[in-house]
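Student: The lines below spell out each chain.
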Amino acid sequence: MTAAAVFEGVEKVYATGLLGRGAGVTALRGVTFTVPAGGVFGLLGPNRAGKTTLVKLLLSLAEPTAGRILRLGGPLSDRRTLARIGYMHENHAFPRYLSAEELLSFYGGLSGVRGDALPARVDHLLNRVGLADRRREPIARFSKGMVQRLGLAQALLNDPDLLILDEPTEGLDLSGRLLLRQVVREFQAATKTVLLVSHVLPEVEELCDRLAVLSGGRLIYCGPLAELVRDPHDPSGRRRSLEAALRPLYEKETPA
Amino acid sequence: MTDLPTAIRTVRWMVWDTFRQSLASKLFWVMFGLTALCSVFCLGTSVDIPGERRRHPAEIPDRLPVTESSPEAEQSGIPKGGGRMRLGFGLFETPVPKFRDDAVRFLQVWLAGILADTVGVLLALVWTAGFLPSFLEPQSVTVLLAKPTPRWTLLAGKYLGVVLFVALHAVLFVAGTWTATGLATGVWDAVYWLAVPLLVVNFAVFYAFSALLAVASRSTVVAVFGTILFWVLCWAMNITRHHLVGFDVAGVTATSTVLVEVGYWVLPKPLDLSGIFFEAMRAADFSAPVPEFAAVRDKDAFHPLASIFASLAFAAAVLALAAYEFRKTDY
Chain A
4 MTAAAVFEGV EKVYATGLLG RGAGVTALRG VTFTVPAGGV FGLLGPNRAG
54 KTTLVKLLLS LAEPTAGRIL RLGGPLSDRR TLARIGYMHE NHAFPRYLSA
104 EELLSFYGGL SGVRGDALPA RVDHLLNRVG LADRRREPIA RFSKGMVQRL
154 GLAQALLNDP DLLILDEPTE GLDLSGRLLL RQVVREFQAA TKTVLLVSHV
204 LPEVEELCDR LAVLSGGRLI YCGPLAELVR DPHDPSGRRR SLEAALRPLY
254 EKETPA
Chain B
25 MTDLPTAIRT VRWMVWDTFR QSLASKLFWV MFGLTALCSV FCLGTSVDIP
75 GERRRHPAEI PDRLPVTESS PEAEQSGIPK GGGRMRLGFG LFETPVPKFR
125 DDAVRFLQVW LAGILADTVG VLLALVWTAG FLPSFLEPQS VTVLLAKPTP
175 RWTLLAGKYL GVVLFVALHA VLFVAGTWTA TGLATGVWDA VYWLAVPLLV
225 VNFAVFYAFS ALLAVASRST VVAVFGTILF WVLCWAMNIT RHHLVGFDVA
275 GVTATSTVLV EVGYWVLPKP LDLSGIFFEA MRAADFSAPV PEFAAVRDKD
325 AFHPLASIFA SLAFAAAVLA LAAYEFRKTD Y
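These protein sequence lines map, in sequence, to chains A and B.
Going by the numbering used here, the first sequence opens with residue 4, and the numbers climb by one from there.
Going by the numbering used here, the second sequence opens with residue 25, and the numbers climb by one from there.
No incorrect hints appear here.
So the derived label-pair ranges between C-beta atoms look like this:
1) B/Trp-289 with A/Ala-135: 54 to 62 angstroms
2) B/Pro-221 with A/Arg-99: 31 to 39 angstroms
3) A/Pro-141 with B/Gly-57: 20 to 28 angstroms
4) B/Val-282 with A/Thr-35: 51 to 59 angstroms
5) B/Pro-221 with A/Thr-35: 54 to 62 angstroms
6) B/Ile-252 with A/Gly-226: 53 to 61 angstroms
7) B/Tyr-348 with A/Tyr-17: 17 to 25 angstroms
8) B/Val-273 with A/Asn-94: 52 to 60 angstroms
Below, in silico cross-link-like pairs of lysine to any residue (SDA-like), each with a Cα-Cα straight-line distance of 25 angstroms or less:
9) B/Lys-50 with A/Ala-96
10) B/Lys-352 with A/Arg-51
11) B/Lys-352 with A/Gly-33
Since the hints were made in silico from the structure, they are not lab data.
Glycine is no exception: its CB is placed at the ideal position from the N, C-alpha and C atoms.
Turn these sequences into a full structure, and let the hints steer you where they fit.
Tutor: Laid out in structure tokens, this is it:
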């Protein structure tokens with residue numbers, strides 16, 4: 004099965020200064036790992052670790068300075084693979100003048116959902132995220148949680164093979180979080196891939212099979228979650244919390 | 025490569041989004057209200073010309089309003105004639121030439137060729153300047169940029185949406201004022217409709233520059249002030265070139281002449297667009313022409329089609345540059 008994403012020696016330096024001639028800010032340094040197809044893959048790291056940059060590169064929102072990235076088996080230049088990806092962003096500002104129904108039709112149209120399939124898909128997703136009764140209201144009247152639900156619905160419009168969730172539970176209430184977990188589990192069951200970027204460690208622990216941990220733009224861990232949380236000092240292989248497992252990794256990377 | 029149906033579909037959605045944005049921001053209704061106001065103003069037009077008759081085909085242009093007296097003109101045989109035109113149900117009154125058709129065209133040239141073509145286009149540029157920067161805000165556009173549609177189609181769709189929005193209002197403005205004037209005076213001159221392409225081309229060319237500024241800066245302030253400054257520069261370049269060529273100004277170096285000529289042909293030419301409309305409306309029959317414009321006309325140094333195509337080529341080049349910049353931008 005083709006990997007969902009492959010990163011090989013990826014570097015990203017953001018240009019700074021007038022006409023981009025400054026020294027630049029290095030966001031990623033030689034990052035190499037693979038996101039296998041199927042399952043839930045977590046992307047973790049402290050602030051400014053490079054997680055969002057990595058997602059941006061994968062979605063062609065920015066170009067890598069060096070290295071190679073394969074998206075669903077194809078090069079980044081092939082934008083058709085984006086039609087098989089759903090992306091939910093934590094702070095996305097949707098056009099406030101559109102209603103939920105209009106927004107999903109608009110984004111669905113741009114995602115390649117065509118003809119009669121589009122209204123049916125919009126209808127289904129509005130019901131799914133619990134916004135069917137508010138479908139004709141302008142987004143300006145929505146709470147943050149409702150906007151997040153709408154963000155989830157738009158990410159599912161094209162029935163993606165790879166779902167990228169960037170801090171998805173930010174602003175969601177309990178039922179919203181339960182809905183999100185249910186969606187993730189459905190992806191798992193359908194052997195589709197979820198790439199989850201999150202700071203909420205219990206959520207990561209509950210949902211993810213594998214993890215990549217970034218710090219200071221470098222990859223410091225990539226492997227199964229179970230391996231990371233196994234206590235190396237306990238001969239019986241007892242599990243420790245993800246927080247306890249990550250702390251020494253972060254401390255090693257960040258000098259006191 | 026982008027397949028054509030995808031590009032067309034994207035552009036269509038972006039046009040739809042722009043119209044929704046214009047309705048939500050009330051801009052649609054503000055512009056519609058101004059058009060309605062101008063139409064009502066025109067509906068209150070009346071022309072009173074004593075001893076009115078039809079123009080003889082060989083008759084010389086009448087440029088001498090009834091209120092003015094010039095002994096030289098009278099000696100030359102130019103008749104003093106004309107009447108008065110009341111506008112806005114008697115709010116304003118102005119002397120007009122001796123023919124009703126000329127009087128109405130005089131009003132229409134003012135409405136479309138001067139008011140809409142300068143104040144209207146500038147207001148449209150200012151009011152729509154925020155559409156692209158707000159769309160290009162990273163928080164607003166990232167999810168759209170992660171869709172399979174190429175970036176240039178999003179930009180082209182937004183640009184086309186704004187141009188079509190202004191085109192719709194240009195049509196409404198011309199239709200409204202033409203109908204109102206026709207109903208009030210009985211003069212129905214279809215040439216007035218030429219104002220629609222004039223206004224649209226004029227706006228589209230400068231909005232392309234506004235789009236480039238928006239992509240480069242993502243700032244409404246930069247887009248507004250940069251475009252206004254550029255508009256002034258283009259008018260100045262256009263008039264300067266016609267002045268130099270039309271009046272054979274002494275003391276200008278060859279280098280300056282070449283630079284002005286290059287600047288004229290590269291930059292948009294708003295005076296030329298107005299001039300083309302004035303000529304179509306036979307404005308010389310009832311008002312004094314712009315001296316620079318008349319001078320280049322006399323010297324056969326004005327090429328209307330080449331001028332329009334050069335302005336449109338500038339817009340296309342600037343839009344291509346904006347699309348390139350947008351494609352290379354990291355979000």
